[in-house]
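As a plain string of letters, each chain reads:
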Amino acid sequence: MERHIQAPVSRETARELRAGDYVYITGTIYTARDAAHKRMQEALDRGEPLPFDVDGNIIYYMGPSPAREGRPIGSAGPTTASRMDKYAPALLDRGLLGMIGKGKRAEAVREAIVRNGAVYFAAVGGAGALLSRSITSAEVIAYEDLGTEAIRRLEVKDFPVIVVIDAVGNNLYETAIEAYRSER
Amino acid sequence: MRTIDVADVTRNIKEMCIEANHFLAEDMEEAMRAAVQSEKAPLGRQILCQLQENLKIAGEDMIPICQDTGMAVIFMEIGQDVHFAGGLLEEAIHEGVRQGYTEGYLRKSVVGDPLIRENTKDNTPAVIHYEIAEGDRVKITVAPKGFGSENMSRIFMLKPADGIEGVKNAILTAVEEAGPNACPPMVVGVGIGGTFEKCALLAKKALTRPVSERSSVPYVRELEEEMLARINRTGIGPGGLGGTTTALAVNINTYPTHIAGLPVAVNICCHVNRHAVRIL
Chain A
1 MERHIQAPVS RETARELRAG DYVYITGTIY TARDAAHKRM QEALDRGEPL PFDVDGNIIY
61 YMGPSPAREG RPIGSAGPTT ASRMDKYAPA LLDRGLLGMI GKGKRAEAVR EAIVRNGAVY
121 FAAVGGAGAL LSRSITSAEV IAYEDLGTEA IRRLEVKDFP VIVVIDAVGN NLYETAIEAY
181 RSER
Chain B
1001 MRTIDVADVT RNIKEMCIEA NHFLAEDMEE AMRAAVQSEK APLGRQILCQ LQENLKIAGE
1061 DMIPICQDTG MAVIFMEIGQ DVHFAGGLLE EAIHEGVRQG YTEGYLRKSV VGDPLIRENT
1121 KDNTPAVIHY EIAEGDRVKI TVAPKGFGSE NMSRIFMLKP ADGIEGVKNA ILTAVEEAGP
1181 NACPPMVVGV GIGGTFEKCA LLAKKALTRP VSERSSVPYV RELEEEMLAR INRTGIGPGG
1241 LGGTTTALAV NINTYPTHIA GLPVAVNICC HVNRHAVRIL
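First to last, the sequence lines map onto chains A and B. Its first residue numbered 1, the first sequence is counted upward by one per residue in my numbering. Its first residue numbered 1001, the second sequence is counted upward by one per residue in my numbering.
If we strip away everything but chain A, and leave its shape as in the complex, we get (with noise of 0.2 Å):
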């Protein structure tokens, strides 16, 4: 099914998206990976707040190429998930509704999504010059020293997605594949 969301999204909306929906997102996101991860992860081990407020919102696992003059952004494709998985249920279990990335998730990361009724969303990865167009603005609001890994907040259009884990744990990328497969 198509279906266009608002960012930050809504309890209601992360429920109803099902794996295998095409999806496309609008509104506000936030990008962070392994590097803004682990600084997050020791920012709550420390009791101190987070850069922004993850209650509600998209996390984009992804670090752009610098931007060209007059441009938001450059290259702006999904990183491996993957090696976000060790922070994911943490960063669930205080509000994050929806992650964008691309390749397999851990159990523990599926359970911390259907615990919170969230939401794992992949972008075509390796189409980076594709997707930047449907990112209007990109601002660093934290960990500029991390250069591409700096944690940015993103205005998006229409940003395409596929729904491949969701709030009830389907996972698409264990369903899909079935499909096709024949004997080897």
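In short, the hints are calculated from the structure, not lab data. Please note that a few of the clues may not be correct.
What the hints assert, rightly or not - Here are the simulated BS3-like cross-link-like pairs (lysine-lysine), alpha carbons at most 25 Å apart as the crow flies:
id, chain 1, residue 1, chain 2, residue 2
1, B, K1121, A, K38
2, B, K1056, B, K1139
3, B, K1139, B, K1159
4, A, K38, B, K1159
5, B, K1198, B, K1159
6, B, K1198, B, K1168
7, B, K1040, A, K157
8, B, K1108, B, K1168
9, B, K1198, B, K1139
What the hints assert, rightly or not - Label pairs and their calculated CB-CB ranges:
id, chain 1, residue 1, chain 2, residue 2, range
10, A, D53, B, G1166, 49 to 59 Å
11, B, K1139, A, P49, 49 to 59 Å
12, A, D45, B, G1135, 41 to 51 Å
13, B, E1197, A, E178, 37 to 47 Å
14, B, V1217, A, S137, 24 to 34 Å
15, A, R46, B, I1116, 44 to 54 Å
16, A, Y24, B, A1161, 51 to 61 Å
Claimed, not checked - Which residues of chain B face chain A? A partial, calculated answer using Cβ under 8 Å:
id, residue
17, R1033
18, A1034
19, Q1037
20, N1181
21, G1243
22, C1270
23, V1272
Ideal Cβ placement from N, Cα and C applies to all residues, glycine included.
Use these hints to put chain B onto chain A, whose structure you have.
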């Protein structure tokens, strides 16, 4: 004896870093176009069409094909009648990468130490492989390597008794574990034989061979064709979301090995299999 100024090496490598990250080589472009026609899954076809569109935008707007513009892997095949002048060759290569990545708006993805992990901010150092060849030419191959797929690569130290079936299982195991993480459709580089490090290098170098070109060794060619067909029956498909195009090619290189061993390396590359080649 022919003298080459290392400044020419720097300039060429700079240009090749930028070129490789914005334009796929013709063999890859052709394979990607053909995949759109042969893919059976509707979502798979849609993704392959988006990748076509992505390549078009990258070239027209000069936005890197993928934001992971890679760690620069550089093969230098140096004719033994060449003399380099004007400075250190190795420094000239790193300088080319530095200029290419900073002036070409490419992402700086290299940390100076694997555990301290501070970004070097200019994507240096490159990973450089030197080979001495005959003649007075220098063949430079720049192959920026993204780590989504690099992380899914594997080495298997098989036993001789494992034989060709063991090799086939190793390749399938690596590809199936990689699945969506490696941004399929993939190109699979395989090294068989040599030592621990030699088979890894054979696999890496196999990725720089045009995907349209099969091995000249008859049994290796058959193995490449069989493994491509079997990988495309795993169901993984474009983006790992199901389909019949999981790999575009399986490129295999072999080398003599020890009586006690059968090393196999599987170096997986995503569909952004970048290689720019120039001969000086």
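Checked hints:
| no. | hint | in the structure |
| --- | --- | --- |
| 1 | K1121/B to K38/A | holds, 20 Å |
| 2 | K1056/B to K1139/B | violated, 28 Å |
| 3 | K1139/B to K1159/B | violated, 36 Å |
| 4 | K38/A to K1159/B | violated, 40 Å |
| 5 | K1198/B to K1159/B | holds, 16 Å |
| 6 | K1198/B to K1168/B | holds, 19 Å |
| 7 | K1040/B to K157/A | violated, 30 Å |
| 8 | K1108/B to K1168/B | violated, 36 Å |
| 9 | K1198/B to K1139/B | holds, 20 Å |
| 10 | D53/A to G1166/B: 49 to 59 Å | holds, 52 Å |
| 11 | K1139/B to P49/A: 49 to 59 Å | holds, 55 Å |
| 12 | D45/A to G1135/B: 41 to 51 Å | violated, 60 Å |
| 13 | E1197/B to E178/A: 37 to 47 Å | holds, 38 Å |
| 14 | V1217/B to S137/A: 24 to 34 Å | violated, 54 Å |
| 15 | R46/A to I1116/B: 44 to 54 Å | violated, 21 Å |
| 16 | Y24/A to A1161/B: 51 to 61 Å | holds, 54 Å |
| 17 | R1033 | violated, 16 Å |
| 18 | A1034 | violated, 17 Å |
| 19 | Q1037 | violated, 16 Å |
| 20 | N1181 | holds, 4 Å |
| 21 | G1243 | holds, 5 Å |
| 22 | C1270 | holds, 5 Å |
| 23 | V1272 | holds, 5 Å |
Violated hints for the displayed structure, listed by number in ascending order: 2, 3, 4, 7, 8, 12, 14, 15, 17, 18 and 19.
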